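J.: Using the sequences and the accompanying hints, generate a full structural model.
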Amino acid sequence: MGAAMRRIHVGNALSAFGLGFTVPYLYVYVAQVRGLGAVTAGMVLAVFAVAALIVLPFAGRAIVRRGPLPVLLAALVTAAIGALSLGLSGSAVSVLLSAAALGAGQAVMQPALATMIVDCSSSGTRSRAFAMQFFLQNLGLGIGGLIGGHLVDASRASSFTLLFTLEAAIFLLLVVVMATVRMPHSPRVEDAPQSAKGSWKQLLGNRAMVQLCVLGFVLFFACYGQFESGLSAYGVEAAGISTSALGTALAANTLMIVVAQFAVLRFVERRKRSRVIASVGLIWAVAWAVAGYAGLGDGSQEMATAAFVSTYALFGLGEAMLSPTLAPLVADLAPTGMAGQYNSAFALVKQLALAVGPAVGGPLGASLHAPYIVVFLLFSLGITVLALRLGRQLTEAQDHPSAARSRVVAQGGAPKGHAPAHV
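In the working numbering, the protein residues as written are 1 to 423.
The calculated label-pair distances, taken between Cβ atoms and stated as ranges, are:
| # | residue 1 | residue 2 | range |
| --- | --- | --- | --- |
| 1 | 359 | 282 | 20 to 28 Å |
| 2 | 42 | 224 | 17 to 25 Å |
| 3 | 159 | 214 | 40 to 48 Å |
| 4 | 182 | 378 | 42 to 50 Å |
| 5 | 263 | 336 | 28 to 36 Å |
| 6 | 97 | 35 | 14 to 22 Å |
| 7 | 35 | 205 | 48 to 56 Å |
| 8 | 392 | 88 | 48 to 56 Å |
| 9 | 303 | 70 | 50 to 58 Å |
Quick caveat, the hints were computed from the structure, so don't treat them as lab data.
In this text, all values refer to a predicted model and were calculated from it rather than measured experimentally.
In this text, a Cβ means the ideal position worked out from N, Cα and C, and glycines have one as well.
T.: Written out as structure tokens, the structure reads:
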């Protein structure tokens, strides 16, 4: 890694650390500490999603026009202001406005950092760069949540004010760190769309990217959108999982990612990306079947708990396989100079899935246990089908870059008059 990439990874880790620092305690802070009630607390969580959905369509165009670094710095300052004001807010209106600023800033960080990784990596190093990003994000989230849990005290509002102030300080520290990054010159193309409408029209005309967005929605809806809503409700109601066991399951998910991330990387790099994603669908189908055993089987409570923890671990294995696959594929599908637009579009799809997933999965997992498992098992199998269909739309360089590079090397480089196999 060069100096720029090292700073980008520091940025990923610190941003995730700041997120894990406060988000798990937002509900308690708003509903109980500030005494604003469960309805306002639920609205705060919804505002995070709404703010992301509003700003992401514009973030991609801004990244293309201004570059990812200025957009990232603006997002960090916005998030810092939101975090600090949230820690000082006492009314529902101020809490909601602060949450909107924090949510908008955090949403824009993701595509900006992803585009910086694309600009500072090559097709040969991109998978490892994104694997490192995902590894550090999960590590940051876990450590941030652990430290934040030891700092807060529901009986003292000042402890939460300290928490949000520290989060704001982390974002401002990150501004200083990222301002020192020297980005390589980003390529531009003369026929790039001059308007936001033209950019989106061009993206929607890319059939492979549209199929990847549909696949991404199903991936995030069937996994991330269920972690803290439908699946946890199912575990408590159907499997009788205790809150401590639920925490263990979430820890198992993070541990699996941290342990397996680089172990699976060599396997993933040598396979077609579409087949890697298809295999993740099969792994997650097994995970849902194991969850079904936990809640619907006749085993002991210990067996149910072990099965439920194993479900989260299997999800973590699939996530570790996706991290070096999805983001590099988005980058390879993007025309030259349009990576920011494509990263923002994919982040928008993720936010939509994370907004719809809990709304659908929560009530279903809490009351209709067997249909819940069947529906999401079928969604996981649908991932496999969609991934294999996507593979037919991809070039060899997009679907299996390592094989394409090996062939170019074996032939002594790209032929004269032709550009290397890079999109």
